[in-house]
Amino acid sequence: MSPSDNSILRFLRDRVGYSLAIVIFAAVIVELVSILQYNRFRHLVMEDLGKQSVTELWSKTELLNHTLESAEATLQDHLWDLRRSLSDPDSVLLATARMIGTNPDIVGGFITFVPDYYPGKGRLYEPYARKVGGEIRLSQIASPDHDYTLNPDYRKALSDGKGTWTDPYRYVDEHTSDLTTFTYPLKGPDGRIAGVCGIDIDLSWLSDTLNAHQRYPSSFTVMLTRDGQPFAGPSARHPKSGDIGQVVRILNDSTALRKASRNGSTSMIAFRDSLSHDKAFIFYSSREQEPRWRVAQVVFEKELYGRLRKLRLLDFLLTLAALVALFFMIQRVARNERKLRDADMDRARIGNELSIARKIQQSMLPKTFPPYPDRRDIDLYGTLEPARMVGGDLFDFFIRDGKLFFLIGDVSGKGIPAAIVMAMTHSLFNLASADSDDPVDILRSLNGEGCKNNEAGMFVTCFLGILDLGTGNLRYCNAGHDHPLLVTDTVEELPAYANLPIGTFKDIDFEGQERRIAPGTTIFLYTDGLTEAKAADRRMFTKERIVRVLEGFTSDPEARAEKMVSAMQQEVHRFMKGAPQSDDLTLLAIRYNGGEDVAWSESVLLRNDVGQIGLLGDFVKSAADRAGMGKGPASQVRLAVEEVVVNAMEYAYPEGTEGTVSVEAACGGGRLTFVVSDGGTAFDPTAAPPPDISLPAEDRTPGGLGILLAKSLMDTVHYVRQDGKNRLTLTKNIKPKENGN
Amino acid sequence: MEISIQEMDGRTVAILSGEFDTAAAPEAEQALSPLPEQADRDILIDCTKLEYIASSGLRILLNIVKKAKAAGKRVILKGVNDVIREVLELTGFIKLFDFE
Chain A
80 MSPSDNSILR FLRDRVGYSL AIVIFAAVIV ELVSILQYNR FRHLVMEDLG KQSVTELWSK
140 TELLNHTLES AEATLQDHLW DLRRSLSDPD SVLLATARMI GTNPDIVGGF ITFVPDYYPG
200 KGRLYEPYAR KVGGEIRLSQ IASPDHDYTL NPDYRKALSD GKGTWTDPYR YVDEHTSDLT
260 TFTYPLKGPD GRIAGVCGID IDLSWLSDTL NAHQRYPSSF TVMLTRDGQP FAGPSARHPK
320 SGDIGQVVRI LNDSTALRKA SRNGSTSMIA FRDSLSHDKA FIFYSSREQE PRWRVAQVVF
380 EKELYGRLRK LRLLDFLLTL AALVALFFMI QRVARNERKL RDADMDRARI GNELSIARKI
440 QQSMLPKTFP PYPDRRDIDL YGTLEPARMV GGDLFDFFIR DGKLFFLIGD VSGKGIPAAI
500 VMAMTHSLFN LASADSDDPV DILRSLNGEG CKNNEAGMFV TCFLGILDLG TGNLRYCNAG
560 HDHPLLVTDT VEELPAYANL PIGTFKDIDF EGQERRIAPG TTIFLYTDGL TEAKAADRRM
620 FTKERIVRVL EGFTSDPEAR AEKMVSAMQQ EVHRFMKGAP QSDDLTLLAI RYNGGEDVAW
680 SESVLLRNDV GQIGLLGDFV KSAADRAGMG KGPASQVRLA VEEVVVNAME YAYPEGTEGT
740 VSVEAACGGG RLTFVVSDGG TAFDPTAAPP PDISLPAEDR TPGGLGILLA KSLMDTVHYV
800 RQDGKNRLTL TKNIKPKENG N
Chain B
101 MEISIQEMDG RTVAILSGEF DTAAAPEAEQ ALSPLPEQAD RDILIDCTKL EYIASSGLRI
161 LLNIVKKAKA AGKRVILKGV NDVIREVLEL TGFIKLFDFE
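Sequences listed follow chains A and B, in order. Each number in this note's numbering comes from the position in the first sequence (counting from 1) with 79 added on. Each number in this note's numbering comes from the position in the second sequence (counting from 1) with 100 added on.
These are calculated hints, taken from the structure and not from any lab test. Treat the numbers as computed from the prediction; the structure is a model and nothing was measured. Don't be surprised by glycine CBs; every beta carbon is placed ideally from N, CA and C.
In silico lysine-lysine, DSBU-like type, Cα no more than 30 Å apart, as pairs: (1) 656/A to 613/A; (2) 710/A to 149/B; (3) 149/B to 700/A; (4) 790/A to 195/B.
Covered by chain B, according to a simulated footprint, are these stretches of chain A (three or more residues, beta-carbon under 8 Å): (5) 719 to 731; (6) 772 to 780; (7) 786 to 799.
Looking at chain B on its own, in the form it has when it is part of the complex (with noise of 0.2 Å):
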């Protein structure tokens, strides 16, 4: 999985492509865990070239939102696919995130 950060808009985007297994999310935690910190405003989390997500990658993104929403920031999905939609309703996870 590759994951890369910018700054767009005045927002952090954060770029997730590829799979995101239980292989890729030690890797994944140390680049995404700092920024609800970093961030000044909202997390984007542009996920339209992501093709899977673990339960693994899940508890990374809970971390994420659970930071920014003591920080008062919102965390937003983008071009999340059908396969991840229906893990993020399976789990609920669909309520803890706003979406573009």
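Chain A on its own, in the form it takes in the complex (with noise of 0.2 Å):
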């Protein structure tokens, strides 16, 4: 393919030059019809102007048919009072005036006798009755000079011996008139012919009456005699435009009427104006009786089609106009197809985003169940179900310290904007919890980051306990969330007080509380989005419900949170009976079975003096051997405790000054712990970057080995800043089995 007709494809394939192409290629076809339909109408025009000039000539000549008629009754009428006046010339002059009264249309009457027929009169014998302005004036006009028997209309009318009609003739006096002579042989009571009598009829309104109302402004009619002379025609008062004369030659030509076509009694010539060059037709037909004089009717082309070519011009301006009304159509038809294209991949990408985020956010929350599969002492359950994609609930929880964190919180809201929230929220509460075990100390600080930058308005209702695994003693703060139930043998709210929710005030203060939690007690956690479930109905699902569901436990001491939490999912969805899920949908159970036993505990108080090393390391030896660890896990343990005591003498205390670092030691739930606290500085040894470890002799620094080694060779260990000291707990998992490592 060349280089031009990519260039071209390129122009189709983009919408302007694809809409362009689209309306060029209607543009052709309208006009294409168009002009087959222009065609056709010239042609029924054609047609319809033939039909239209046959009845237009015969009404033109109607008024003529008639006058004539009615003149030639007129006189055979008078006939036998002029036969009776015969007898006496004066009488018959009056009998002539007598005919021309009776018939307004005839403007004078004449007998022209044969010659000698009154012996008193001379030869010649015409008496004539003509009107002038409204009176009939009577005379004898025959003379030398006017010798009547010489007119061939007066031989005409002896020898045929029947009426005739001449052709018209101009007659000159006072006025000049167009007049025409009707002719007919008058014969005696004896039967002889006594003369030729005759009547005059004024034609002069016969070029008006025939181009008065002309269907198009130019045309014209013409009559011809019957040896072709134009006689009738545009007037002063009627002018045309056109040549008459060439008119008159071509219907005199009779080679140009030889090519006439015909249509019934009318025929027609196409020819060329020889003035204006214009196209124009010429239909003409004869009288049908005497006198066969000629019609004929001018139309020039560009006035029959005239009106035509205006019609077809308007249609191709409204045509033009569609289409560019197409174009513009097709403009944004395209466009709004492309921006639904556009929204439809918009949408897909934010679903894609969304299927993302979901993933992040499950991410976030615990999803290994059962979570802690070698503790007795806890059993624990937890679901969340988004009503969308993301959701704005959230729940965590961990153990440290011989402590369970746990939270249950839901964001104000819904969706991605909730979502945004409770991810904040989350880390926010691993931050917060990571160095304190105080519930109220926790949601305070939570409170203090949830309040900044808090434009959009939101807040978290939640809910925060810190459980003793080892006592059973539960410090709690409730902040806005719904009062969790304790499942024991009964069913009952645990009592919290109301603080606001996290995030409505910068400055108000939470309220913690405390309460023993007996062994074989499950507390039931959850958020609105449980008592708010919506059946079809509309009802809620409501706390009596969850109490219910939660009471088919209490005769089960052994029924663990896992079953609970199902149980009470199955409730719910069979009481929404798939009617769609509104909110966020939070379940927690947490089982508690009783601390592990602490089988014993010791002490020692240590100066801030390494020459006190020998001594920790007797008493980390001895504990390790009371809790029967081998002597490889023994020498481990000996070597963090000391890194970390040996860390706390150096750098606790300012140089100089005296400090003591107590160990506690304790065993008890399969776990050797040891907790190093000093009063000195505050300092998390656990939050130093480590050493890198793969640099080469000349480019290593002894620090960081001590916590580096302790980190490695312990389960946990972990640093606390509590009552204005440093605690760091070490804990390490009793193998007793194994000896030496």
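Can you join these two chains into the complex? Each is in its own frame, and there are hints to help.
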């Protein structure tokens, strides 16, 4: 494919080019149809005009026919009067006057007597009655100068013996008039020819009548005598621009007449007007009876099709406007389509991003259940079902230093904004609870952070509990959340102060509570997605139903947390009967089985002097021995404890000052736990960056090795600053069967 | 902890026995730190009787290695027990020594 083809294709693919191509295609089709239609119309107009001209020509000559017929009739009617009056030349004149008086169309009447008819009147005698200004004048007009016997009409009437109309002629006296005369042989009572009587008809009106009402302004009508002389046509009152002489010539040209096309009694000749050079048509026909004058109608093509052309122009402009509109419509449709496609892609992308967000959010939640398969003291299960792809509910828990930290929360609102706040709250909780085991402290710090930049005014209701797994002591703080339920052999609500939710006001304080949880108790926590779960008929699940479900477990001391949560889920879904979930639904059950016994504990108090390390070594060795640890693990524990204690001795107190470091050892729950505490400067050794152990000898520095070893050798190492002391808790699980490492 | 230093097969041999804890560190440093300069050839540290070492002990060993390397000599550990080997591995020190 050549480059130019490419660019054409590109242009076509381009939306403007595409719409333009469609419009041009439409324009070509419309124009072709229009041309065909125009030609068809022209044909129809021509056909129509042919028919129309027949009737028009006849109607135009109708008045003429009537005038001629009535004049003939008047003469016939008066023949007996004339005949009767023949006896007296004077009374014949009066009879003539009587005759013309009865018919307004007749302007004159005469009798030309055969020579010597009245001996007393000389050879020629022609009584003549004529209308002049409303009265009839009588005269005898024959004279040697006016010898009517020489007139061919006189002779024709005598020889034919019947009435004859003359061709129109111009008669001039005071006025100029176009006259035609009807002559008729007059016989006397004895049956002999007495002369020829005649009447004159004025045809001056004919030109106006013929041309007064033309359908097309340039059209004109002309009448021709039997020998082709024009006698009525465009007049001063109705002047026409066409060349009338040319029309007369054509009508007298036998070659042209042969080419004429006939339609009934009417014929048509096309010609080009010599003056305007416009194409024109002559429609003509002859009178059917005597006198066989011809009448011709001339029509100019430009006027004939003028209106059609105007219509076509209008049609063209309308079509053009419609095409322009079509162009913009196509553009618009294309744009809308593209918008829709973009919107679809956006939706798909958002959907995809949402499903990723959902995965991220789900991954923030605890998902391994049971979370502590080795522990007997705690059994825990939680679920979160978001109403949408992502949600604003959260729950989390972890065990640190023998304490279970747990949190359930509900961010105001739903969807993405709630999910963002949820994620923020979740990480703030982890951050805030890393070095505090006071629920009030943690919530206060969450609130402080949550109020910062909270322009959206979102808030979080939550319940935070810290359960001492050794003693069963629960410290908790409720920030506007649904009260948890305690399931023992009854179901009761955990009383909780009404603190404001997190994120409402910056300076509010929280009030915490404490309560001892008896072994065998399940703490059941939930969000309002449970109480407010709606059935199809808008009824809510309500707390009563929750309590009823939980009451099913009061007689089951071994009920596992998971069983309780799934029973609640089943019940709420059965209740909703497939109605859409309107809010996130979070359930968390924590069953406390009682603390694991602390077998023993002992402690030693050391001065901040590394000389006392030997003492510490003996203490740790004896504790490990007593806990039944093998030689290897015992050595590991000793090294770890020594490292953190030396650290405390060297760095907790300013150089030269005396201080103490206390070390407690406790054995229980399959673990040996050491708590190293000092009253020195706050310092978290676990927060220091680990040394780079891959460096060559010359680049290595000795720092950081101690805490690295402690972290590596123990199962857990955790720092808190509590009551003005640094407390570092180290635990090591006891594996009694193993010996050495 | 006890430290004895001997010349054996032309090598300087330091025999460590007991527990190399933080309390023992100052004394050990005094005994061991001159070795890289005094030794003619490589330094062998015999740990066969060494039961335990803390990070303060590692620090002293690191100093010896640095000085020896600068002097073009090697530091070889011998008879390291599992506990000490684990410590050397955890701290990355295992790469700093040669073993026999």
